[in-house]
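**Student:** Spelled out from the first residue to the last, the chains are:
There are 2 protein chains.
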Amino acid sequence: MTLTKEGTIIGMKKEKISSAVIRRLPRYYRHLSDLAQSGVVRISSSALGEAMNLTASQIRQDLSCFGEFGQQGYGYNVTNLRDEVANILGMSQMHTAIVMGAGNLGRALIENFRFDLSGFHLTAAFDTDPELIGREIAGTPVYSVDKLEEYLAQNPVSVGVLTVPQNVANSISEQLIAGGVKGIWNFTNSELQISDPHVVVENIHFADSLLALSYWISEVP
Amino acid sequence: MTLTKEGTIIGMKKEKISSAVIRRLPRYYRHLSDLAQSGVVRISSSALGEAMNLTASQIRQDLSCFGEFGQQGYGYNVTNLRDEVANILGMSQMHTAIVMGAGNLGRALIENFRFDLSGFHLTAAFDTDPELIGREIAGTPVYSVDKLEEYLAQNPVSVGVLTVPQNVANSISEQLIAGGVKGIWNFTNSELQISDPHVVVENIHFADSLLALSYWISEVP
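Protein sequence lines correspond, in order, to chains A and B.
Everything in the first sequence is counted per the working numbering, starting at 42 for the first residue and increasing by one.
Everything in the second sequence is counted per the working numbering, starting at 42 for the first residue and increasing by one.
Okay, chain A solo, but in the shape it has when bound (with noise of 0.2 Å):
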């Protein structure tokens, strides 16, 4: 039940694993919390599965790609698995991320959203307004836009969360990845153009999960 003999077949399989697997990662993390919070100790595939709204052996095929999880008739220890998930996923990497933009969505983020239940620390954000550098949002310090590159030099950046105006969206991102930040989670809603193919760009595009709303709501047309 334990990575350490697997660490290898996981490296091959990296680059291999298809990204609908990976997408589903974080949802078997967030129901494995919640049964281990509930006091489950223990869960089958199927009953997963059902909790999930996926079948029992897509729920084998995908944990097989990472390794040997549970075993043939005993289900899954609940908490095991959840951690195993979150290692797969690099919760305990210790990434960091920075808000680049303390625009409303910027703020609503820093103010809100737990980045320490997905492994990251908050370190700081960037602004071009006077009014908000030098202070702190909910204890992340904001600091002038100018500064960026100087910060990067001394505080390794995992990840870069671009909630700028789309015109600049780009020209910070480049700043960004200059810096070597490995990952933009990328709220503005453009396509950024990135010239270096290692890192990653995470698009949230809010549109696609109204549509897809819009869909279930509407009448047959």
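No wet-lab data here; the hints were simulated from the structure.
This one's a predicted model, so the numbers in the text were calculated from it and none came from an experiment.
Note that the Cβ used here is the ideal one computed from N, Cα and C, for glycine as well.
Possibly wrong hints are sitting among the right ones.
What the hints assert, rightly or not - Here are the in silico distance ranges between beta carbons for each label pair:
1) Arg-155(A) - Gly-180(B): 30 to 36 Å
2) Pro-238(A) - Arg-176(B): 46 to 52 Å
3) Pro-171(B) - Glu-152(A): 41 to 47 Å
4) Pro-171(A) - Asp-237(B): 45 to 51 Å
5) Ala-194(A) - Glu-172(B): 40 to 46 Å
6) Ala-194(A) - His-239(B): 54 to 60 Å
7) Asn-208(B) - Val-82(A): 27 to 33 Å
Keeping the supplied structure of chain A fixed, place chain B upon it in accordance with the hints.
**Tutor:** Frame of chain A; chain B shown alone:
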């Protein structure tokens, strides 16, 4: 290339189409809109697939759920297909939305999210803050939550956007449902207990997105 004859088929199939297909439709819409804006008139399923990181056969399979689009060897007419997808997504059904909770996130959505581009008309916001009630945010009137029942009785609302604190998420949802909303766009990160099986809940889980990003930037454990 019209849906008139396919209408009943859509109706019959609507319940059965997998949510994975539905979740790809907004991406089709987004890419087709971009292509149309770039002046592309016609596109093959393989070229569309390449732009969307899907296989040509997956695209043909997805679209076949909704009827016949495109002609063998001719590809798809971009604007026609975009409009058909928009129609399937219910974008022409004059959906309305209200925002519950005009805190940072609510304000960010009211001020910056283009509801109209998803076919929605944002008609009002509701809050408990006396400072906000009676004012407008970016042209959207803010009313007291106490007036919600009355408002819903007079103004049919398709979707309630839930950006309230977690501890009132369920009670506000119940009020929305009692007032006839068909869908709830849930940003509260709490699992809603919905009594009416006809109401659709669409959850926005920011953490799922950040955790997927965390996976992709992480070192092999």
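**Student:** It remains to establish, for every hint, whether it holds in the given structure.
**Tutor:** Now the hints, each set against the structure:
1. About 32 Å separates the C-beta atoms of Arg-155(A) and Gly-180(B), a value consistent with the hinted range of 30 to 36 Å.
2. For Pro-238(A) and Arg-176(B), the hinted distance range of 46 to 52 Å is satisfied, since their beta carbons lie about 47 Å from each other.
3. Here the CB-CB span from Pro-171(B) to Glu-152(A) is close to 21 Å, at odds with the stated 41 to 47 Å.
4. Taking the beta carbon of each, Pro-171(A) and Asp-237(B) are about 49 Å apart, inside 45 to 51 Å as hinted.
5. At roughly 42 Å, the beta carbons of Ala-194(A) and Glu-172(B) sit within the given window of 40 to 46 Å.
6. At about 56 Å, the beta-carbon gap between Ala-194(A) and His-239(B) stays in the expected band of 54 to 60 Å.
7. Under the hint 27 to 33 Å, the C-beta atoms of Asn-208(B) and Val-82(A), about 29 Å apart, fit the expected range.
Violation of the numbered hints given earlier is confined to hint 3; every other hint is satisfied by the structure.
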